[in-house]
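J.: The chain contents come next:
2 protein chains.
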Amino acid sequence: MAKKKGKAETAESMAQKQREISVSEFFLKNRHLLGFDNPRKALLTTVKEAVDNALDACEEAGIVPEVSVDIQQVGNNRFVVSIADNGPGVVRAQIPRIFAKLLYGSKFHRLRMSRGQQGIGISAAGMYGQLTTGCATRILSKTKGKKNAHLIDVQIDTKKNKPTILKDEELEWCPEFYPTKSDGKQSKTVKSVSGTCVSIEMEASYVRGRLSVDEYLKQCAVVNPHLQLHYRVALAKAKAGNGQQAIGNGAEKKGEKGAEEGAANEIPWITFFRVNKELPEAPGEIKPHPHGVELGLLMQMLKDSTARTIRSALAQDFSRVSSATALKICETAGVSPKARPASIAHRESESLFKAISETKLMRPPTDCLSPIGEDQIIAGLKKEITADFFTAVTRPPTVYRGNPFQIEVGIAYAKPGENEDLGAEDPVRVMRCANRVPLLHMGGACAISKAISGVNWKTYGLSQPRGSQPVGPMVVMVHMASVWVPFTSESKEAIAHYPEIIKEISFCLQECGRRLSVYLKKKKRLMEVERKRDYMAMYIPHMALGLKEILDLSDKQEKTVIKSLNKMLEKTHLEA
Amino acid sequence: MAKKKGKAETAESMAQKQREISVSEFFLKNRHLLGFDNPRKALLTTVKEAVDNALDACEEAGIVPEVSVDIQQVGNNRFVVSIADNGPGVVRAQIPRIFAKLLYGSKFHRLRMSRGQQGIGISAAGMYGQLTTGCATRILSKTKGKKNAHLIDVQIDTKKNKPTILKDEELEWCPEFYPTKSDGKQSKTVKSVSGTCVSIEMEASYVRGRLSVDEYLKQCAVVNPHLQLHYRVALAKAKAGNGQQAIGNGAEKKGEKGAEEGAANEIPWITFFRVNKELPEAPGEIKPHPHGVELGLLMQMLKDSTARTIRSALAQDFSRVSSATALKICETAGVSPKARPASIAHRESESLFKAISETKLMRPPTDCLSPIGEDQIIAGLKKEITADFFTAVTRPPTVYRGNPFQIEVGIAYAKPGENEDLGAEDPVRVMRCANRVPLLHMGGACAISKAISGVNWKTYGLSQPRGSQPVGPMVVMVHMASVWVPFTSESKEAIAHYPEIIKEISFCLQECGRRLSVYLKKKKRLMEVERKRDYMAMYIPHMALGLKEILDLSDKQEKTVIKSLNKMLEKTHLEA
Chain A
1 MAKKKGKAET AESMAQKQRE ISVSEFFLKN RHLLGFDNPR KALLTTVKEA VDNALDACEE
61 AGIVPEVSVD IQQVGNNRFV VSIADNGPGV VRAQIPRIFA KLLYGSKFHR LRMSRGQQGI
121 GISAAGMYGQ LTTGCATRIL SKTKGKKNAH LIDVQIDTKK NKPTILKDEE LEWCPEFYPT
181 KSDGKQSKTV KSVSGTCVSI EMEASYVRGR LSVDEYLKQC AVVNPHLQLH YRVALAKAKA
241 GNGQQAIGNG AEKKGEKGAE EGAANEIPWI TFFRVNKELP EAPGEIKPHP HGVELGLLMQ
301 MLKDSTARTI RSALAQDFSR VSSATALKIC ETAGVSPKAR PASIAHRESE SLFKAISETK
361 LMRPPTDCLS PIGEDQIIAG LKKEITADFF TAVTRPPTVY RGNPFQIEVG IAYAKPGENE
421 DLGAEDPVRV MRCANRVPLL HMGGACAISK AISGVNWKTY GLSQPRGSQP VGPMVVMVHM
481 ASVWVPFTSE SKEAIAHYPE IIKEISFCLQ ECGRRLSVYL KKKKRLMEVE RKRDYMAMYI
541 PHMALGLKEI LDLSDKQEKT VIKSLNKMLE KTHLEA
Chain B
1 MAKKKGKAET AESMAQKQRE ISVSEFFLKN RHLLGFDNPR KALLTTVKEA VDNALDACEE
61 AGIVPEVSVD IQQVGNNRFV VSIADNGPGV VRAQIPRIFA KLLYGSKFHR LRMSRGQQGI
121 GISAAGMYGQ LTTGCATRIL SKTKGKKNAH LIDVQIDTKK NKPTILKDEE LEWCPEFYPT
181 KSDGKQSKTV KSVSGTCVSI EMEASYVRGR LSVDEYLKQC AVVNPHLQLH YRVALAKAKA
241 GNGQQAIGNG AEKKGEKGAE EGAANEIPWI TFFRVNKELP EAPGEIKPHP HGVELGLLMQ
301 MLKDSTARTI RSALAQDFSR VSSATALKIC ETAGVSPKAR PASIAHRESE SLFKAISETK
361 LMRPPTDCLS PIGEDQIIAG LKKEITADFF TAVTRPPTVY RGNPFQIEVG IAYAKPGENE
421 DLGAEDPVRV MRCANRVPLL HMGGACAISK AISGVNWKTY GLSQPRGSQP VGPMVVMVHM
481 ASVWVPFTSE SKEAIAHYPE IIKEISFCLQ ECGRRLSVYL KKKKRLMEVE RKRDYMAMYI
541 PHMALGLKEI LDLSDKQEKT VIKSLNKMLE KTHLEA
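Top line first, the protein sequences correspond to chains A and B.
Under my numbering, the residues of the first sequence are numbered 1 to 576, in order.
Under my numbering, the residues of the second sequence are numbered 1 to 576, in order.
A couple of the hints might just be wrong.
Any copy will do: because identical chains look the same in the list, a pair fits if it lies in one copy or spans two.
Claimed, not checked - Computed list of lysine-lysine pairs in DSS-like fashion (alpha-carbon distance at most 25 angstroms, straight line):
#1 Lys303 x Lys160
#2 Lys354 x Lys107
#3 Lys41 x Lys450
#4 Lys521 x Lys382
#5 Lys354 x Lys41
#6 Lys160 x Lys107
#7 Lys458 x Lys41
#8 Lys167 x Lys360
#9 Lys287 x Lys159
#10 Lys548 x Lys523
#11 Lys303 x Lys287
Think of the hints as simulated: they come from the structure by calculation, not from any bench.
Computed from a predicted model, the values in this text were never measured in an experiment.
This is chain A alone, in the form it adopts within the complex (with noise of 0.2 angstroms):
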């Protein structure tokens, strides 16, 4: 092929050029940053965002949430993945854009504790299976007091990114998807009123392992108490011959309900039961601190304000500024409370903005957060993991740049040989949530990893190479709950190193480790005891001899001193 090399542009040449790149074709290309980086990954990432996405739906209609996640093989490095809620469905009108726009939903622009807050994820993981399979996602929704489901096949138009919508009827609802279990059998299916299932054909690949679709499901159903999760697997039997054979009617297969059972209904459901059917409280949407907000963004929030005057949008559209306090601050920076705040000059907003900074306000609202709670940690620890210890701490809530957070540790220590998965040389194995959701990959750019390393855990009894985690049978969740967890890429898998947050978790851990060091230490003096009982039991009979010959026992009267001996020895021991 012939050298091809540019020639030289000009100012003229270069404009016709220029183009505007639609923001999905820009993901498209970038689909690393969003989660999508390799076929192993893009399986973790869709499960996770429709999860994610099914929880929220569920808590914010106040249902108890019942998901279910299918993973089904249909060919080589080919898998048609499917999660069902019980939520309160979908609209009709509002399924495309959800399920194939980027950057469109209901979290963005509102300050509320919740586990998406983007409104990428589920429409990027649409997008790689377009990508990747040319399959369309399909939606299967209902909501309450219609009498059927819509069900919708529909693909993005990177270019534009707007949906295409290749497919649309109305189905009789089956929420069959959710088999639950009565006692200890699998038979009933729960009939809820309204749900939704969303599908979609990837090229993925599925691992099991720390970083795999299990692992995840293992620690979802732990931090999320209320949870019941349905979960089956079901790969290829024989990778030639079928393989490429699915792959050539893989899209249709999912339409037809009886064909895909046959091969899946040999799989049986794995279930992580719920503790207990309480929802947690319903977080509230606070307004943003003014302490928290640049002076740009104070003057695009005053230009957007519906208040009539300067006064009346500062106590309005922040939280924690009264009509008094927004007074004082037009007073201190010399602006006319009552002028229009669209007609805030740039320099008098200036002035507004040195005056808010200068003035002292309470601290953000922190009732909007929804911890989890210490409780509702043990409960879920104890559901998941087998161990000896357990103990959690939910710190009150804190501020970092104007938005509330809050830091929760959860510690199972099991004994040795008690639990296989925790080794006794091996690392502590560390559980990282935010807002609910467990976070798997980039440990290492994580703020809660560097607070762990961060903590002396010698001072509570474990051991700890110079500047890394902590070594021992143990399991170390942390969550943290905030209106706006600051992600380090867009595919949510580490929480960016504020100070603050590394000092919050820092206390909490070291609560915790506390707790664990009076935990160890009375097992360490029982084991002391222990040590000494058995060594003294050992000359009981040799004393008793001694006894017997010095005052000149019967054999009789040596098995009594023996045995009185032996009760004394179990008193004192039961005493220490």
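Given chain A, put chain B in place with the hints provided.
T.: Then chain B, alone, in the frame of chain A:
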């Protein structure tokens, strides 16, 4: 404040809250993803994005680049950053969108090696300035042939991701921001026929060190030996008093050349002089290689093709597919080569995809890359780094995921004490570059760092703690040139861990390492000879004295003996 908890939502109430999120809003809230985490990094990112754009524009227009970077403190934590170039300029109509619209540009939709590739950077810098100070981005630009320059003040309407023009004037062009050295004096100013100057007022912080603008520009000069770069930083003298004043009218000041120059004129420019006036060979644009294209993308490309038949679409839209190969692919797939590309059904494109993956194709053309070159790397290193030994290796191009790329490594090794910056006991200094852009942050996450610590440097005579960077008074420069560099984030700070890339870097490092080891061995041998010589030299007088006594020589004869022995020693030493 009363507790404001959310109440249960329904599908309908949730639907009403769904909204589109503009890409500007998204990145404004997530600005750490673009490199605007904190004031210090924001300054670096701004300079980086503007310099990248300037260099790309100059090279595309065939102009030897001369760039000035002017950083002026105008208040407490407040700076005006101005970057000017002698490039082709930007036509009036494109200025607002290029500088105030995210995801807009000429580089995203092509496969061509360039510094920019996303269409985000400079608009993001302007958006950050706007957020933190409320000020507009100011652009002064003149294209060739026009009499006057355009002066435009522009802001982003973040809700719509569209530019808002605040000022639009014509001005006489005075490219006075290029003081150049002529016979050692900074006197003349270059009269460039065209150019662009962008000024952004922003909250920032200027700190020296490894992650500073200074370091970035220095590395930039190393990897762009054809670049002439002028740089100055004018810090505010009195923090109090002046600071607040400046905040008030900072935005205005930018316009009043006189006022601004008054303060800055005292600060001299630092100039990084160019080594030569040769522009790097302009890289060509290539088409996608079929083996790097996923099924979904293939379908999209066929749908969008302007060709009239499948066969011609394959030959025309992809690299390395001749008309004959296209026919063969169609036959293998069982698809009519005369079918209209847009009419290809789902199943047929799958067969086509399979046929393509089974067809042997030449690797993509690699002459589209423009490496720095071994001589230029050495020239660049010698220019900025004091060292004793220099070497460089440019590997032949290769391919990852259908994208051609090429690795280059340069090494500069200093004698002990020769360069204060390079400690013999410190880890070697690494300069990471991608498409001639130095990467400073996130070294830990970069494929280059991984490759460096993966090489066994002990073989080449350096010490190296297990699994870490080697230790020694050395600079290692690694450059990756590609039509598409896979960065780990939008802020383009680290290269993703593709095995093909890491392998190539390792090979290149090893080649340099072998050369280094030859140098180090020779140096060691010389030192050894030196040591022996010194040792022998010490004994010469004693030998002479011995000879004198045995042979009964005169004092004069003794001196002659010493002289000739020394001469002999000198001779053998030189021969060694």
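J.: All the hints need checking, so say for each whether the structure fits it.
T.: Right, here's what the structure says about each hint:
no. : hint            : verdict
1   : Lys303 x Lys160 : between (30 angstroms within a copy, 15 angstroms between copies)
2   : Lys354 x Lys107 : neither (31 angstroms within a copy, 41 angstroms between copies)
3   : Lys41 x Lys450  : both (23 angstroms within a copy, 21 angstroms between copies)
4   : Lys521 x Lys382 : within (22 angstroms within a copy, 62 angstroms between copies)
5   : Lys354 x Lys41  : between (47 angstroms within a copy, 24 angstroms between copies)
6   : Lys160 x Lys107 : both (22 angstroms within a copy, 18 angstroms between copies)
7   : Lys458 x Lys41  : neither (35 angstroms within a copy, 36 angstroms between copies)
8   : Lys167 x Lys360 : neither (57 angstroms within a copy, 38 angstroms between copies)
9   : Lys287 x Lys159 : between (35 angstroms within a copy, 18 angstroms between copies)
10  : Lys548 x Lys523 : neither (37 angstroms within a copy, 86 angstroms between copies)
11  : Lys303 x Lys287 : within (16 angstroms within a copy, 47 angstroms between copies)
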